[in-house]
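Could you build all of it, start to finish, from the sequences and the hints given here?
Okay, here's what each chain looks like letter by letter:
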Amino acid sequence: MPGQVGDQGLKTLFSRYYKDFKSVEPDQISKREVGYIPFSGTMTRHLAFKTHRDLENFVTGIVPRHLYYSSTYYQWPLEKKMIEKGWMGAELIFDLDADHLKGASEMTYEQILRNVRDHTFRLVDEFLIGLAGFREDELRIYFSGGRGYHVHVVSEKVYSLNSDARREISNMIRGEGLNAKDLILNINNYGKLSGWAELVDREVTDTYKGIANGEYPKFLAENDRAAISSSLEQAVSLNGIVKKRKDILAQPGKNKYRLLNQLDREVVSRITDDVREKHACEIDEPVTTDVHRLIRFPFSLHGKTGLMVKPLTFSDLADYDPLTEAIPESSDVKARIEVKRKLKIRMRGENFEINEGEMELPGYVAGFCAGMGAAQILSIIN
Amino acid sequence: MMGNSSLPVLFRETFTTQSLENLFHSYSQKDTDEVISAINLALEFIEKGEPELLSYISDRFLAILLTFLRAVDENVLTNRILITYRKEIEKKCRDLPLEEIEEYSKKLGMDANMEFEDEMISVSLKDYLGIAGRISGSTYRLVYQDIRHGRIFVDREHVLKLIREYFYSNMKNFYDEMPADKARDITSPFAKATDTAKELFKSKAGLTSPELGEVESTKFPPCIKEYIKQVSEGVNIPHMARFTMVSFLHKIGLENQKIMDIFKTAPDFNEKVTTYQVNHITGETSGTQYSPPKCVNLQSNHLCYKGEDPLCNTEWLKHPMRYYEIKKSSRSESKK
Chain A
1 MPGQVGDQGL KTLFSRYYKD FKSVEPDQIS KREVGYIPFS GTMTRHLAFK THRDLENFVT
61 GIVPRHLYYS STYYQWPLEK KMIEKGWMGA ELIFDLDADH LKGASEMTYE QILRNVRDHT
121 FRLVDEFLIG LAGFREDELR IYFSGGRGYH VHVVSEKVYS LNSDARREIS NMIRGEGLNA
181 KDLILNINNY GKLSGWAELV DREVTDTYKG IANGEYPKFL AENDRAAISS SLEQAVSLNG
241 IVKKRKDILA QPGKNKYRLL NQLDREVVSR ITDDVREKHA CEIDEPVTTD VHRLIRFPFS
301 LHGKTGLMVK PLTFSDLADY DPLTEAIPES SDVKARIEVK RKLKIRMRGE NFEINEGEME
361 LPGYVAGFCA GMGAAQILSI IN
Chain B
383 MMGNSSLPVL FRETFTTQSL ENLFHSYSQK DTDEVISAIN LALEFIEKGE PELLSYISDR
443 FLAILLTFLR AVDENVLTNR ILITYRKEIE KKCRDLPLEE IEEYSKKLGM DANMEFEDEM
503 ISVSLKDYLG IAGRISGSTY RLVYQDIRHG RIFVDREHVL KLIREYFYSN MKNFYDEMPA
563 DKARDITSPF AKATDTAKEL FKSKAGLTSP ELGEVESTKF PPCIKEYIKQ VSEGVNIPHM
623 ARFTMVSFLH KIGLENQKIM DIFKTAPDFN EKVTTYQVNH ITGETSGTQY SPPKCVNLQS
683 NHLCYKGEDP LCNTEWLKHP MRYYEIKKSS RSESKK
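Line order of the protein sequences matches chains A and B.
Taking this note's numbering, the leading residue of the first sequence gets 1, the next gets one more, and so forth.
Taking this note's numbering, the leading residue of the second sequence gets 383, the next gets one more, and so forth.
Hint data in this document are derived by calculation from the structure and do not stem from the laboratory.
Be a bit skeptical, because a hint or two may be false.
Capping the alpha-carbon separation at 30 Å, the derived lysine-lysine pairs in DSSO-like fashion look like this [to be verified]:
#, chain 1, residue 1, chain 2, residue 2
1, A, 81, B, 508
2, B, 508, A, 192
3, A, 254, B, 508
4, B, 676, A, 102
5, A, 334, A, 19
Given below as structure tokens:
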């Protein structure tokens, strides 16, 4: 098996952790499919365990490199064919990681983690709690152990949703399909402006307030500026009341969208795109829409970092530092490693600049380097 | 005054097999009359091709009708009748005050609340998404909803659409959950009527699978195949799917008459309307030849059926037309 010999040291480090593995999540473990990737060989899935204790014993024995469970509840999770498992419902899950982040290739690991954390915060704060109205106790937030976070909605409100319904939620969060033309077409159906309409309207209102005071947005061409300013001085009749256009366009509310001229539409279109760019959360859509998904097991170790898949509360999230919080105690040892590729990492507030060659490092740093494939663990020193 | 107490909800669990059997085997004149009027309604529907009928709209009557239709076992016919009832429900609700619409929504099982301040109805996110995914068009997308803490605020027009879909799926569940042979057992005293209805329907509908001639339907992308399949099974496909299918078939060179033939089995087939629509999309009357939408637009309207199709799942395939072009050219190359 490729990599078998080199990964032996990492497996030893992981076995220290899984020796005393305590599993408490997810709920209804007997209804979940469990899968894992071993240190040598390929993925095994369609496993199931009656109790968390059974799972602990299994995991202690096999020492997985990656461990997963199904966000789905099944009547017969052991069945090999999806159709025979007896789908009962599924958590609603969100995967946020660097793959969907603009400019991630230019960032350090720490920067990526901070950036994804901000997206996760926005997902939970604005969308899941703010708009979708989930309570904090219906949400589970995890550091993924790798380059991001997972958010699970565990609630009767979501279990039965099919893939199409989940895609609607995903589209809302990503601002997918949001454009000025359809927004203008549909905005009159709102009672009160909420969601994306509210965000766009806030920006549109501010922009027109600015224009009325001679402050033009940068994207507005020189010769359009005079045209838009003079159009704001024109009088219009709205619901029988005559007003200047600027008194409607520079006020919050949906009335203004009935008065837009061609140039205004271009302005609104530009603003809509900007608002979407700024507020959308980059979630991995296929994860959210898949109603049979396997996802990382709480408190398991991520095979590429040696870090824990660790739950955290919403109030922890704002300044969560996974490179301190998700380090397993079992890695508080010394390890001797041979570094093949140099790398930099900051863990537990300490900077490590690691160059090629043999050296002794804290176990968690060694685990990280070995997981990334940049080093080989030669021995673990208690 | 039409109170909502008389509007049907048709929950499957209200009617046991035994209770349906009792109706069809009843010695009571009243029951027998009701069964006969349901059968006559179905026969008349087949005969005239359009509904008259729909003052009969109680739970009991619909249960009898659907059981009979299940025994006849012609999905196209059933779908046409369901669509007619769906419209009828929408029409009846249209006259109701919003409070009564709320009450009826709740009876149908929707988590709906009257919101007096906004003069709207709020629906829970769960129930909204359970239904709205089936309705296409930007108006029903979550991204354009007035959503406040997990409730979607909808106006009268919008809630009517939700209600009619709720009701349609109740009827559909009722029908789908009953095996055809079970329905035949239940309706056995009327076996002759069942056979008559089936034969009459077959002779009227002249059901043959659509002839596509020159064009190579095996090279169609999965979405177009699915629309054609659904239409020929009598499913009422969303407007955008029709548009996509017609513009696609036109682009690849199918004659308008052949395109129209596909729609003959559609549940709400109306020759005049279909001719107009097809001629409009294909540019005959409008002067504009419309193109099918891009894949991404079909996806966000839940009209993409790519499944595991390898070509659809490539990063660069962005348009259904492209799919057909590639499939066609790859065949001619492999022939060389």
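Structure-based check of all given hints:
1. 81(A) <-> 508(B): 28 Å, holds
2. 508(B) <-> 192(A): 21 Å, holds
3. 254(A) <-> 508(B): The given pair, whose Cα atoms are some 27 Å apart, holds under the 30 Å limit.
4. 676(B) <-> 102(A): The hint holds at about 24 Å.
5. 334(A) <-> 19(A): Distance of about 18 Å is within 30 Å: holds.
Violated hints for the displayed structure: none, as all numbered hints are satisfied.
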